[in-house]
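Enquirer: Listed below, chain by chain, are the residues.
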Amino acid sequence: MNLPATLPLTDSETGHRLDFLMVADMVEPGSRVLDIGCGDGSLLAILRDRRQVDGRGIEISREGVNACLAKGLPVIQGDADTDLADYPDDAFDYVILSQTIQATRQPKVVLEHLLRIGRRAIVSFPNFGHWRVRFDLGFRGRMPMTENLPYSWYDTPNIHFCTIRDFVELCREVGAQMEKAVALNAGGQPIRVTLPWWVWNLLGDQGVFLLKRR
Amino acid sequence: MMSFAPLSSEPRSQVDDPSSLVMRFGADEPLMMDSGVALSPWQIAYQTYGTLNADKSNAVLICHALTGDQHVANDNPVTGKPGWWLTMVGPGKPVDTDRFFVICANVIGGCMGTTGPASINPATGEPYALDFPVVTIRDMVRAQAALIDKLGIESLFCVVGGSMGGMQVLQWAVSYSNRVFSALPIATAARHSAQNIAFHEVGRQAVMADPEWRSGRYLVEGTRPSKGLAVARMGAHITYLSEMALHRKFGRNFQDRSAPTFSFDADFQIESYLRYQGIAFVERFDANSYLYVTRAMDYFDIAAEHGGSLAKAFKGSATRFCVISFTSDWLFPTSDSRAIVHALNAAAASVGFVEVESDKGHDAFLLEEPEMFAAARGFIDAAARVRGIA
Chain A
7 MNLPATLPLT
17 DSETGHRLDF
27 LMVADMVEPG
37 SRVLDIGCGD
47 GSLLAILRDR
57 RQVDGRGIEI
67 SREGVNACLA
77 KGLPVIQGDA
87 DTDLADYPDD
97 AFDYVILSQT
107 IQATRQPKVV
117 LEHLLRIGRR
127 AIVSFPNFGH
137 WRVRFDLGFR
147 GRMPMTENLP
157 YSWYDTPNIH
167 FCTIRDFVEL
177 CREVGAQMEK
187 AVALNAGGQP
197 IRVTLPWWVW
207 NLLGDQGVFL
217 LKRR
Chain B
12 MMSFAPLSSE
22 PRSQVDDPSS
32 LVMRFGADEP
42 LMMDSGVALS
52 PWQIAYQTYG
62 TLNADKSNAV
72 LICHALTGDQ
82 HVANDNPVTG
92 KPGWWLTMVG
102 PGKPVDTDRF
112 FVICANVIGG
122 CMGTTGPASI
132 NPATGEPYAL
142 DFPVVTIRDM
152 VRAQAALIDK
162 LGIESLFCVV
172 GGSMGGMQVL
182 QWAVSYSNRV
192 FSALPIATAA
202 RHSAQNIAFH
212 EVGRQAVMAD
222 PEWRSGRYLV
232 EGTRPSKGLA
242 VARMGAHITY
252 LSEMALHRKF
262 GRNFQDRSAP
272 TFSFDADFQI
282 ESYLRYQGIA
292 FVERFDANSY
302 LYVTRAMDYF
312 DIAAEHGGSL
322 AKAFKGSATR
332 FCVISFTSDW
342 LFPTSDSRAI
352 VHALNAAAAS
362 VGFVEVESDK
372 GHDAFLLEEP
382 EMFAAARGFI
392 DAAARVRGIA
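If you're matching them up, the sequences are chains A and B in order. My numbering numbers the first residue of the first sequence as 7 and each following residue consecutively. My numbering numbers the first residue of the second sequence as 12 and each following residue consecutively.
Warning: the hint list may mix true and false statements.
[Unchecked claim] In silico contact screen, one side only, chain B against chain A (beta carbon under 7 Å); selected entries:
| # | residue |
| --- | --- |
| 1 | E294 |
| 2 | A385 |
| 3 | A393 |
Hints are computed from structural coordinates only; laboratory data are not their basis. We put the CB at the ideal spot given by N, CA and C, even for glycine.
Let the sequences and hints guide you as you build the complete structure.
Expert: If you want it as structure tokens, here you go:
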């Protein structure tokens with residue numbers, strides 16, 4: 007299995023990843039959800055157990071798919087870059103792209119598919135505008151490697167990094183309406199919504215967006 | 012477990028009186044076939060393993076491939092070889108006979124105890140031969156459903172099969188959606204491709220070109236179209252393997268010599284191997300059955316019977332599906348499995364899918380493939396938990 011794109015921060019009580027819990031909170035109970043790049047199915051299992059969601063998944067790695075099947079999750083082996091075109095419009099209430107968009111070849115096309123297949127889309131991604139990333143690039147002159155971005159530049163699955171501001175711009179381009187936007191700090195806690203965008207973009211370790219087609 | 016009759020060199024001995032359980036259907040219980048024929052009387056030969064639980068919720072049906080039979084997990088009484096899917100079915104195996112009541116039946120049109128072209132036609136007292144009605148995959152499934160009815164089982168926990176068996180799994184899920192809790196089609200397709208029909212036609216023509224075939228009346232005339240059937244099997248066998256597997260196993264190696272004989276003897280190992288496969292096959296299989304069963308696969312097209320839409324065939328299905336394909340299978344390539352998965356997705360059915368990395372070709376589903384076992388075990392165990400089977 008490919009390692010997750012970033013190292014997960016977990017809730018000390020349940021062991022669940024904080025960003026997963028944040029995503030799960032955005033999903034209406036009982037809805038139909040497609041999780042793209044679902045890995046070993048942890049998020050789908052949370053959604054099933056906590057939100058009574060009818061969940062489906064797509065995962066590129068065989069090991070991930072097998073782990074999902076063993077959890078009783080209907081997950082198919084596939085590639086977000088090529089397979090989404092086969093899904094009919096409005097097939098799901100939510101389509102989730104968790105920590106995966108930066109590893110796709112065509113993030114814009116993928117995002118457009120999300121908005122077409124799902125009534126709503128939830129996208130989370132590591133923020134390349136975070137101050138530590140900027141510090142590494144700006145002062146050390148090195149590609150950033152942090153706890154949450156653990157890969158060397160030459161062996162990373164992440165090929166299309168963006169900042170929170172970049173993503174907001176992409177949403178505008180594809181006509182996505184932002185219903186909710188949350189930045190999580192390095193500790194996995196949400197940053198106060200009253201703070202201005204540039205603070206999010208500087209302090210946000212990852213961004214989580216609930217989108218709706220306009 | 013029943014005891015088996017001694018081996019016989021005459022394959023026909025298994026036709027009407029097989030070394031397994033048999034369910035017989037009388038004149039009042041005809042099998043209504045797609046061709047319009049009401050077949051009666053008829054019988055279906057089967058094996059069972061494990062124990063049916065009190066609420067009859069743990070029955071698993073195994074569907075065999077083209078030339079398989081009901082002896083999935085016991086020694087085959089005809090060949091003396093182990094059951095054909097011992098890797099998958101047995102105590103502690105993915106299809107765990109300690110937990111599930113496993114049923115495997117021979118297909119209608121077959122020659123291992125289920126009524127087929129080698130069976131006696133009650134109207135003439137002679138073998139049916141080509142008077143036997145043409146069989147479809149749906150007929151095979153209809154016959155299995157009649158057996159399941161007789162066994163008093165309302166709903167199957169899981170239907171499992173590869174290749175032609177996988178076609179039956181899909182047909183079960185379409186024809187008897189509410190009687191199939193979970194379905195595991197492996198290395199299969201929702202329709203037989205033109206290329207595969209072409210291969211089958213070559214095999215059938217080989218059988219029919221054998222002068223001993225006698226327009227299908229060889230059993231009455233005391234001949235056997237062994238050469239034609241062996242050639243058919245040799246051709247088919249190549250399609251079950253991958254080039255990589257052939258190369259690894261045989262390469263261009265000579266058999267019992269270091270230089271070519273400049274003749275048409277079996278100089279190469281691959282030639283000896285194919286000849287052996289052909290000869291071994293005619294020992295256990297009826298030539299007319301081969302015609303009928305290959306034809307059934309050719310006619311198979313689930314989308315066609317649903318207005319051309321495969322998704323429509325699965326609409327509203329509550330069955331849990333898991334589809335498995337193999338990277339080097341060029342007879343039933345992954346694209347065939349993906350077509351099934353896409354249709355199931357479009358129909359909002361519950362489906363898992365994994366493509367297993369293997370260089371063994373189509374045959375991989377019968378061989379030691381840990382990734383396939385892991386996927387099958389995970390899927391079946393999870394479904395069993397939902398179904399409440401301990």
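Enquirer: If a hint holds in the structure, say so; if it doesn't, say that too.
Expert: Structure-based check of all given hints:
no.	hint	in the structure
1	E294	violated, 39 Å
2	A385	holds, 5 Å
3	A393	holds, 3 Å
The structure fails to meet hint 1 from the earlier list, while all remaining hints are met.
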